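Construct the complete structure from the given sequences, taking the supplied hints into account.
Residue numbers (our numbering), protein chains in the order written: chain A, 1 to 554; chain B, 1 to 211.
Please keep in mind that the hints were generated in silico from the structure rather than gathered at the bench. As the structure is a prediction and not an experimental result, all values here were calculated from the model. Beta carbons are placed, not taken as given, at the ideal position from N, Cα and C, and that holds for glycine. All the pointers check out, no bait thrown in.
Chain B is faced by these chain A residues, among others (derived, beta-carbon under 8 Å):
#1 Pro19
#2 Asp21
#3 Val22
#4 Arg23
#5 Pro24
#6 Trp34
#7 Val36
#8 Ala41
#9 Ala51
#10 Gly72
Calculated pairs, DSSO-like style, for lysine-lysine (alpha carbon to alpha carbon, straight line, at most 30 Å):
#11 B:Lys73 with A:Lys79
#12 B:Lys73 with A:Lys87
#13 B:Lys45 with B:Lys194
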Amino acid sequence: MTDSEVPSPHPWDPAGLPPPDVRPPQRWTPSLVWLVPIVAAAIGIALLIRAALSAGTMIAISFASAEGLQAGMTEVRYKDVVVGMVKAISLDENLQRVIVAVELDRSASRLAMADTRFWVVRPRIDTGGISGLGTLVSGVYISLDVGQSTEGRREFVGLDTAPAVTSDQQGTSYVLRSTRLGSLGIGSPVYYRQIPVGRVGAYELNPDGRGVTLRVFVQAPYDRFVTPDTRFWNASGIDLALGAGGLQVNTEALATVLVGGVSFTTPSDGEPAAADAEFWLHDDRASALRPPSGRAVRVRMRFNESLRGLNVGALVDFRGVEFGTVEAIELDYDERRRQFVGEVVARVYPLRLGLAYERLREAPGTGERSDRELITRLVEDGLRAQLRSGNLLTGQLFVALDLMSPARRAARVSVAADGTVAIPTEPGGMAQLQSQIAKVVGQLSEVPFAELGRNLRDAIQSADALLRRLEGELAPEAAKTLVEAQRALDAANRALLAGDSGLQQDLRQTLQEMERAGRSLRVLGDYLQRHPEALLRGKRVADEPAAPALEEAQ
Amino acid sequence: MNAVPTARSLGLLGCHACGGVYRMQPDAGADAYCRRCHTRLRLRKADSLARSWAFLIAAAILYLPANLIPIMKTSTLLEARADTILSGVAALWRAGSPEIAVIVFVASIVVPIVKIAALALLLWTAQRGTSWRRAERARLYRAIEFVGYWSMLDVFVVALLVALVHFRSFADVQPGGGAVAFAAVVVLTMIASKSFDPRLIWDPPAAKPAP
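Next up, the structure:
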């Protein structure tokens, strides 16, 4: 180290080379280089974690069709904010539906809840107007509506059409029950005083198939008009009523005439109805506003006559009150009498009897009767059912109930296990007519037509013989008589046609008289035409000339 | 081949900076420096095996995110997509350019993984000091050094696209995290191969490498 001049050594003699400068070792930590893979691992893990975190939630939605949907292009929007993207479209295993794989953004993963609904927004023209026009430019997109659930879900069944009611709308939904849907559909408007205040959100057939359940949504400021007393009715179509006041045409808004709708009205003020309250959807306004029918009592009637013309839904009438309707008509067989019996089941509403109902309920002593007891009581008092013709042209029948003579009171009333009260029947007007006709026909059949025919033939034969005899004996005499008559006529003719015969002169005079009479009659007619008052007042002297009378008239 | 004497077998120590040659000191406890330029004198590259291993492992770790995370996010008027290397290759293949797809696949997926595997092999054999196929291993090392630069192809493509394609709403290209990881993989494998001392291939098995 001290001498920098190094003697040149032999190249292959290490011993001749100078030793290097030697210093004590530095503090060296060889492990420092291992920081590189550690940092790399940290970066790599950080990148992977970030990628995993930024990756959204994958959900699968099944649709009936993938029309307009494109993987990697179709967006998922919630309130028009893009929250996801369609990643893949495939068919399900049954090849019936389309499975759309959607990646929801991480921030939007809470949108995928158990009751979230998805649908494809397409340009659409329907009863509610035109919607989704923007998609003509931007392409279709998937929209969604979040419900109340807090339970996550990854697989959904997409709706075919946009729901009429989304959860962000303020309002209340109610349940309507009806026997039929009519022309209502999802999105059909709900009117209150002809203002559209809501929509039909969903409908479904009842599980037992005996009716339809609709779900309607009424928007927020208007839902307070729905009280437990509210009446809903199907506002589709035109309601024509011909009454004493003339022809009345009742319609809701014109749109409902075409597409249908639901109207409601509230007869009296009250507390707003609870959400999901159930109402009955009446067929029309009139039946909706009818006083409540109360509880129905099922009655059974067995008619020993043809039920042709009696339909399900036919009227059950009690002295002009619409007491109920026919529910079922069946043909039964009476083994004992060997007869077919028409069995009619009907629902009657005792409440419709009005004041009489109140009176009947207040039975002396026993307290209040049930509706069924009330009917039973009436049957004991002689309530009878009878088929009557409601329309002679169409032969429509209805069931008329009435109290017959007290003498024919029923000894006992049979009430079936299901509470159906049997009402005894009387032969109806039609049946009576038929029996009378049958009687006439029976009497007709007793007429001895064969004997009559024989007598008639004998009579004809004898007449024939008479005629033949007349021909033989009478004809020559008749010819002779005719010649005589001819001769007499000729003589008369001659007497008349002779010019100076007295008869002709008389005739001429008579004719002249008649001509004169005719002329004076014409004069009288003319005068009367000008002076009809003459008939009453007689002829005035001043009126002698005709001309002044005419001037006066003018 | 083994008959060729090495500087170490002759007990010589050369200076990398100025070419000075010195006698090897038996004392291993002290560091040797060049008398002329004061450069640290080493028989072999310092910590060659350890450093190479470190960089190689780092590269191998980053190879995962490089392939799993999108390297490029393209958004056009019609669609927005994020491509990883493999999905890009698949897209190219489907788009009707199988040749380019093959090139990208080889340059971006095969080459890095082959490089990592080959370096691992070299390091492992050098660590064990085996005399197995020394000439082939030396050739493999040269090939790795040569091919190393070409793996940056992908990174350059992404960098170019990001710089060139900027049409706001019509079309836009953003680099993804995968591009960074991929560039790191390439750079780390290059550093690893630089850190490796090819002379280790030729060292006799018994010899203990000295600093």
